[in-house]
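J.: These are the residues of each chain, in order.
Protein chains: 2
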Amino acid sequence: MTASFYTLQAQDGLARCGRLHTAHGTIDTPCFMPVATLGSVKGLRHRDILESGTQMILANTYHLMLRPGIDTIRQSGGLHNFMNWQKPILTDSGGFQVWSLAQLAKINDDGVTFRSHLDGSAHTLSPRNVIDAQYDLNSTITMPLDQCVNWDAPVETVQESVNRTCRWAEQSQKAFKKRDGYGLFAIVQGALDLEQRALCARNLVQLDLDGYAIGGLSVGEDKATREHVLTATVPLLPSNKPRYLMGVGRPLDIVSAVAQGIDMMDCVLPTRCGRTAKAFTWTGEMNLMNKQYAQDFQPLDATCPCPTCRDHHRSYLHHLFKSKEMLAATLLTLHNVVFYQQLMARLRQAICDGNVTETAHAIENQMKTLS
Amino acid sequence: MTASFYTLQAQDGLARCGRLHTAHGTIDTPCFMPVATLGSVKGLRHRDILESGTQMILANTYHLMLRPGIDTIRQSGGLHNFMNWQKPILTDSGGFQVWSLAQLAKINDDGVTFRSHLDGSAHTLSPRNVIDAQYDLNSTITMPLDQCVNWDAPVETVQESVNRTCRWAEQSQKAFKKRDGYGLFAIVQGALDLEQRALCARNLVQLDLDGYAIGGLSVGEDKATREHVLTATVPLLPSNKPRYLMGVGRPLDIVSAVAQGIDMMDCVLPTRCGRTAKAFTWTGEMNLMNKQYAQDFQPLDATCPCPTCRDHHRSYLHHLFKSKEMLAATLLTLHNVVFYQQLMARLRQAICDGNVTETAHAIENQMKTLS
Numbered sequence: 002m003t004a005s006f007y008t009l010q011a012q013d014g015l016a017r018c019g020r021l022h023t024a025h026g027t028i029d030t031p032c033f034m035p036v037a038t039l040g041s042v043k044g045l046r047h048r049d050i051l052e053s054g055t056q057m058i059l060a061n062t063y064h065l066m067l068r069p070g071i072d073t074i075r076q077s078g079g080l081h082n083f084m085n086w087q088k089p090i091l092t093d094s095g096g097f098q099v100w101s102l103a104q105l106a107k108i109n110d111d112g113v114t115f116r117s118h119l120d121g122s123a124h125t126l127s128p129r130n131v132i133d134a135q136y137d138l139n140s141t142i143t144m145p146l147d148q149c150v151n152w153d154a155p156v157e158t159v160q161e162s163v164n165r166t167c168r169w170a171e172q173s174q175k176a177f178k179k180r181d182g183y184g185l186f187a188i189v190q191g192a193l194d195l196e197q198r199a200l201c202a203r204n205l206v207q208l209d210l211d212g213y214a215i216g217g218l219s220v221g222e223d224k225a226t227r228e229h230v231l232t233a234t235v236p237l238l239p240s241n242k243p244r245y246l247m248g249v250g251r252p253l254d255i256v257s258a259v260a261q262g263i264d265m266m267d268c269v270l271p272t273r274c275g276r277t278a279k280a281f282t283w284t285g286e287m288n289l290m291n292k293q294y295a296q297d298f299q300p301l302d303a304t305c306p307c308p309t310c311r312d313h314h315r316s317y318l319h320h321l322f323k324s325k326e327m328l329a330a331t332l333l334t335l336h337n338v339v340f341y342q343q344l345m346a347r348l349r350q351a352i353c354d355g356n357v358t359e360t361a362h363a364i365e366n367q368m369k370t371l372s
Numbered sequence: 002m003t004a005s006f007y008t009l010q011a012q013d014g015l016a017r018c019g020r021l022h023t024a025h026g027t028i029d030t031p032c033f034m035p036v037a038t039l040g041s042v043k044g045l046r047h048r049d050i051l052e053s054g055t056q057m058i059l060a061n062t063y064h065l066m067l068r069p070g071i072d073t074i075r076q077s078g079g080l081h082n083f084m085n086w087q088k089p090i091l092t093d094s095g096g097f098q099v100w101s102l103a104q105l106a107k108i109n110d111d112g113v114t115f116r117s118h119l120d121g122s123a124h125t126l127s128p129r130n131v132i133d134a135q136y137d138l139n140s141t142i143t144m145p146l147d148q149c150v151n152w153d154a155p156v157e158t159v160q161e162s163v164n165r166t167c168r169w170a171e172q173s174q175k176a177f178k179k180r181d182g183y184g185l186f187a188i189v190q191g192a193l194d195l196e197q198r199a200l201c202a203r204n205l206v207q208l209d210l211d212g213y214a215i216g217g218l219s220v221g222e223d224k225a226t227r228e229h230v231l232t233a234t235v236p237l238l239p240s241n242k243p244r245y246l247m248g249v250g251r252p253l254d255i256v257s258a259v260a261q262g263i264d265m266m267d268c269v270l271p272t273r274c275g276r277t278a279k280a281f282t283w284t285g286e287m288n289l290m291n292k293q294y295a296q297d298f299q300p301l302d303a304t305c306p307c308p309t310c311r312d313h314h315r316s317y318l319h320h321l322f323k324s325k326e327m328l329a330a331t332l333l334t335l336h337n338v339v340f341y342q343q344l345m346a347r348l349r350q351a352i353c354d355g356n357v358t359e360t361a362h363a364i365e366n367q368m369k370t371l372s
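Chains A and B, in that order, are what the protein sequence lines are.
Our numbering puts the first residue of the first sequence at 2, with every later residue one more than the last.
Our numbering puts the first residue of the second sequence at 2, with every later residue one more than the last.
It is worth saying that the hints were derived from the structure and are not from the lab.
Among the hints, a few may not be true.
Because identical chains cannot be distinguished in the list, a pair is counted as satisfied if it fits within a single copy or across any two copies.
What the hints assert, rightly or not - No farther apart than 27 Å at their CA atoms in a straight line, the calculated lysine-lysine pairs in the BS3-like style are these: (1) 175 <-> 325; (2) 369 <-> 88; (3) 175 <-> 107; (4) 369 <-> 224; (5) 323 <-> 224; (6) 323 <-> 88; (7) 323 <-> 43; (8) 43 <-> 325; (9) 325 <-> 88; (10) 179 <-> 323; (11) 323 <-> 175; (12) 279 <-> 43; (13) 369 <-> 107; (14) 323 <-> 178; (15) 175 <-> 224; (16) 292 <-> 224; (17) 279 <-> 325; (18) 325 <-> 292; (19) 292 <-> 88.
Computed from a predicted structure; not experimentally measured.
Using the sequences and the hints, build the whole thing.
T.: Here it is, written out as structure tokens:
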């Protein structure tokens, strides 16, 4: 990959608009990636995802390795063909799952051995096989194996994980087959330890990879602490590479991450909340199970262009959730994903117009309406 | 209502093509109605249902009475507005639910008192309130309260249920508010007793209602017996009114019902099987959980025009079902509903072309391919 993987288009304070030029098309940043862990954005057909304004999705190497197996996807012509999504796909490596399913995993310098959370079968993740798997998936953006630790881990544990993450990134770079329009990122770890974060960032930046992610946040720490780490870490990343904040977050977290100079984000919230009756709207969050919506014949959000808001009212959505009709989850997931993409479009516009600070404040105030 | 509710277009043997002229549009018969018990065809957005070729759907008064309540739907402007489906809707009364949830119900000449299967609350269905409820729902076609009995019920029970069904039909007719393009049907009961079926049909036909349904079949009896009852009953129904076979069935049941002169059908199979990995195709039924599809990169049915067959292969569907991804149910339900509508279109064409017998045989032979 060359520097042209990312081009900066506009800046407003620390916030930036840019473009990612990939083998699967050029997309605008800052961008939000809905989560398609197993090769589907839960409940959404690919036409719906396309029409939502989604430019790139996130899938998970670890999960796809277990089901359906990398070989099946390779034989089908890669993950784009397997799931019929022809725009960019970023695949996470499985480092996060190693942490979140820690009781099933053993980690050492060679990688991770673990038992499947599905059937107990033994598997290995190594810096090399994770890169190879993502090559077979034909992932647009490959994430290396990293080691995430608890936010309150002792300093020695944090140091060890940072060292390992840096060594693994180097090994990953050697294993990665360079192709135009495909990228390999590195992941900055270091828990809440700013010194370790800085050390990790410096080491990884020297590798001159195609982009830089910030991992190990949104794992239990409070919001102020997370923003503190973000403020300290983002300036250590090269300005000519995309910056990806992993697993974040709620709409206002996204607003503040963009204000700090983040270019890419993913989160399960719009889809998971879509299944649990929580709607994101410009006036705040709504729980559609709430009785107050039983005879509320307004759309979820009158300003929203999504099919759910155009076609249906709150009363119907409330009824579908109360009756456990699966259409409820599909309709609300669709709305939530469109909401997130509208939020990103609004932030991109604000950066181009040079009023991202005012826009961020306006969004914050708007979203307090319901609460 | 006038006779113009139904016009006969073509006949081939007993099979017939016609048109239903309703307040919500004119549709072609024979037609298949996907089931939307609670106001949603499970897993399908209204655009998908429209694009599937579906002309009319079936909802259920009993279920909607319990959730969300008739009043909520009335306030929203009727069921068409509540669920955003502007084509015809037929609502079943709840007579079938009284039978299938019999342990919760007490039946006498005034109607049925029952406990909600949801919260145990007490409710009443009477010939009158069921008609009123369907008026509030703004149902295109209203079904009266009837009494369904076990297929092997003693003759006295069958007689009693036929008498009651006839009396209730008369009371229903008095309660029904006539409006252009809206229809009230009657339901022929009588279990497997041809004499009782004939008695019931004769009594109901005298009422000169807008259409005639055959109920109390597909409740456990074998296929030959069902066809025997059908063969005996259909000729007793007026040829200038639509004939609706309730709750039937598998694709080949539909083929034989159409050959006997049935105009309308409904069944949970295409949607329920869509959720349980069973696909209906022109070469037979497939269970997508079956391991043989794990690396099968063909579409479900290469001749099918549905989005699932155009966009995805069996391997992906297999993976989604194995992984319990909700998209699996949506994609397969969509295919199954399109398959049923394609089947109906093929049968309508065959009737117009005068080759329904050959077509029925051809379909039967085709569908044996997989089994």
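J.: All hints, please: hold or fail.
T.: Structure-based check of each hint:
1. Taking CA atoms no more than 27 Å apart as the test, residue 175 paired with residue 325 passes in neither setting, with 50 Å inside one copy and 37 Å between copies.
2. Taking identical chains as interchangeable, the C-alpha atoms of residue 369 and residue 88 are never at most 27 Å apart, the minima being 35 Å within one chain and 40 Å between chains.
3. Taking CA atoms no more than 27 Å apart as the test, residue 175 paired with residue 107 passes inside one copy only; the shortest distance there is 24 Å, against 76 Å between copies.
4. Taking CA atoms no more than 27 Å apart as the test, residue 369 paired with residue 224 passes inside one copy only; the shortest distance there is 17 Å, against 61 Å between copies.
5. Within a single copy, residue 323 and residue 224 get their C-alpha atoms no closer than 33 Å, and across copies no closer than 37 Å, so neither meets the 27 Å cut-off.
6. For a Cα distance limit of 27 Å, the shortest separation of residue 323 from residue 88 across copies, 25 Å, qualifies, whereas the shortest one inside one copy, 35 Å, does not.
7. In this assembly of identical chains, residue 323 and residue 43 lie within 27 Å of each other by CA distance both inside one copy and across copies; the values are 20 Å within and 14 Å between.
8. Taking identical chains as interchangeable, the C-alpha atoms of residue 43 and residue 325 lie at most 27 Å apart whether they share a chain (16 Å) or sit on different chains (10 Å).
9. For a Cα distance limit of 27 Å, the shortest separation of residue 325 from residue 88 across copies, 24 Å, qualifies, whereas the shortest one inside one copy, 33 Å, does not.
10. In this assembly of identical chains, the alpha carbons of residue 179 and residue 323 never lie at most 27 Å apart, being 51 Å within a copy and 34 Å across copies at closest.
11. For the homomeric pair residue 323 and residue 175, neither the shortest alpha-carbon distance inside one copy (53 Å) nor that between copies (35 Å) is at most 27 Å.
12. In this homomeric assembly, residue 279 and residue 43 come within 27 Å of each other (Cα to Cα) both inside a single copy, at 15 Å, and across copies, at 20 Å.
13. Taking CA atoms no more than 27 Å apart as the test, residue 369 paired with residue 107 passes in neither setting, with 44 Å inside one copy and 52 Å between copies.
14. In this homomeric assembly, residue 323 and residue 178 never come within 27 Å of each other (Cα to Cα): the closest approach is 50 Å inside a single copy and 32 Å across copies.
15. Within a single copy, residue 175 and residue 224 get their C-alpha atoms no closer than 36 Å, and across copies no closer than 66 Å, so neither meets the 27 Å cut-off.
16. Proximity of residue 292 and residue 224 under a CA criterion of 27 Å is satisfied in neither setting, with 31 Å inside one chain copy and 46 Å between copies.
17. Proximity of residue 279 and residue 325 under a CA criterion of 27 Å is satisfied in both settings, with 14 Å inside one chain copy and 22 Å between copies.
18. Taking the closest pair of Cα atoms, residue 325 and residue 292 come within 27 Å of each other only inside a single copy of the chain (15 Å); across copies the shortest separation is 30 Å, beyond that limit.
19. In the homo-oligomer, the alpha carbons of residue 292 and residue 88 never lie at most 27 Å apart, since the shortest distance is 40 Å inside one protomer and 29 Å across protomers.
Of the numbered hints given earlier, the model fails hints 1, 2, 5, 10, 11, 13, 14, 15, 16, 19; all others are met.
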